[in-house]
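Asker: Between the sequences and the hints, there should be enough to build the whole structure, so can you do that?
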Amino acid sequence: MTSALSRLPDLGVGVGWRPEIAGVVADLPDLRFCEVVAEGIHTHVPLSGPLATLRERGVTVVPHGVRLSLGGAEPVAPERVRHLAECAALLDAPLVSEHIAFVRAGDLEAGHLLPVPRTRAAVDALAANYARTRDGLGDVPLALEPIAALFDWPDDEYDEADFLTAVLDRTGALLLLDVANVYANAQNRGQDPIALLDRLPLDRVAYVHVAGGREAEGLYHDTHTDPVPQPVLDLVTALAERATPAGWLLERDGDYPPAEVLRGELAAITGAVAAGTRAAGVR
Amino acid sequence: MTGPSAEAAPTTGTGAGTEAVTDATTPAEDLAAAQAALVAALVAGGPLPPGFDTGRVDAARRALLRKRAGEVARAWPLLAGSLGAAFTPRFVRWAAGRPPSGSFADGLAFAQHLRDAGELPPLGATELSEREPRPEKVRRRFWRR
Chain V
1 MTSALSRLPD LGVGVGWRPE IAGVVADLPD LRFCEVVAEG IHTHVPLSGP
51 LATLRERGVT VVPHGVRLSL GGAEPVAPER VRHLAECAAL LDAPLVSEHI
101 AFVRAGDLEA GHLLPVPRTR AAVDALAANY ARTRDGLGDV PLALEPIAAL
151 FDWPDDEYDE ADFLTAVLDR TGALLLLDVA NVYANAQNRG QDPIALLDRL
201 PLDRVAYVHV AGGREAEGLY HDTHTDPVPQ PVLDLVTALA ERATPAGWLL
251 ERDGDYPPAE VLRGELAAIT GAVAAGTRAA GVR
Chain U
1 MTGPSAEAAP TTGTGAGTEA VTDATTPAED LAAAQAALVA ALVAGGPLPP
51 GFDTGRVDAA RRALLRKRAG EVARAWPLLA GSLGAAFTPR FVRWAAGRPP
101 SGSFADGLAF AQHLRDAGEL PPLGATELSE REPRPEKVRR RFWRR
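Top line first, the protein sequences correspond to chains V and U.
full-length UniProt numbering applies: residue 1 is where the first sequence begins, and numbers increase by one.
full-length UniProt numbering applies: residue 1 is where the second sequence begins, and numbers increase by one.
Honestly, the hints are just simulated from the structure, not real lab data.
Since the model is a prediction, treat every value here as computed from it, not as a measurement.
Here a beta-carbon is modelled for each residue, glycine too, at the ideal position from N, C-alpha and C.
Possibly wrong hints are sitting among the right ones.
Stated by the list, open to error - Stretches of chain V that chain U covers, calculated by requiring three or more beta carbons in the stretch to come under 8 angstroms of a beta carbon on chain U: (1) 25-38; (2) 67-81.
What the hints assert, rightly or not - Selected chain V positions facing chain U (in silico; Cβ < 10 angstroms): (3) Arg-104; (4) Ala-121; (5) Leu-150.
Answerer: Written out as structure tokens, the structure reads:
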């Protein structure tokens, strides 16, 4: 899988493309990559509009799935895999990504990414669904993203780091690491986020998510509707000291701030990455 | 399996059958059942399977409802705007125990519910009337041709 990693271009600091901030994203002069929610893309028509303009500029666009339910016990729906593959082809994407989570079970949609139990059975289910998805994607690598969870399953057999390592070992997948999720999970379990980071397979990180959340009901919620807090930026720096991901991406969903605030957040991430890279160089 | 049921198995035919079925579930089937039970508890008012931290799952359930309210507000801006600060708590009360069916369909059903209760503000009513499917009219036109 290191070969899949080495084929990735240097993506810099990008942003999750959303229709609501299309104008702001289009005005970012140095943008090299963004991510688009795969389920929002129509693949039966040629690419048009702001995303087509970004592609013409040479901006890399990564399709990011949210509804595949890779961690579900049921096999992934072939039409969802096909759609993801069509998105990758339409956008000429160097990779696609999805979550280590499930979003539906027993004919009910959760409307949200839910944590899978950290068990051998869940590793088996993920590995089977990863293989089915890989078959449908052809040559395009698939990066897996662990999620933020407010609760754990009672029958967990692994801790978070060991479970993720087991999943990546079984699948050979690349890792899409969300440092805000690392922060949220550590915070909500009373753990040290740096200690958790140090136990993750950082040599597999393809790119990184960065997002803001907020405290509510005594828990840290990974909302994507709030500014990126300093502890998450500190994790960006810590990760940049330890690894060289191809790109770093700001995620914002809802409560979109004015353009200058968004640009300020991207600059803060760029600064946090540079601080980590510098520290790594000194070491 | 517990001792008593294993002892009972040889004497009662139905008991032995149940036992065999229970033993035959695979880890994948157990995972599917466990995931289905959890989703039902989170979005459909189902009972929480034993062993979970009730407070944490409740927090997740409420966060899910708030997120859903935000998505419906984006899909139905006039409806949300017409209710103002009351939108989220009112939507959350309505949506609790109702599985999500997408932000458009959720907003449609919520607006129809408010209308039936006589609680739909004028702007919300305008948005509903513009977007509500009218199957009867379509059907009539079809038959005339």
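Asker: Look at each hint and say if it fits the structure.
Answerer: Tested hints:
Under the rule that three or more residues need a Cβ within less than 8 angstroms of chain U, the assignment of the segment 25-38 of chain V is violated, with 0 such residues. Evaluation of the coverage hint for the segment 67-81 of chain V: fulfilled, as 3 residues show C-beta separations to chain U shorter than 8 angstroms, against a requirement of three. The interface hint given for Arg-104(V) holds, since its Cβ lies 7 angstroms from the closest Cβ of chain U, which is under the 10 angstroms cut-off. For Ala-121(V), the interface hint holds, since its Cβ comes within 10 angstroms of a Cβ in chain U; the closest pair sits about 4 angstroms apart.
Contact between Leu-150(V) and chain U, as hinted, is supported at the beta carbon level, the nearest pair being about 4 angstroms apart and thus within 10 angstroms.
In terms of the numbered hints stated before, the structure departs from hint 1 and from no other.
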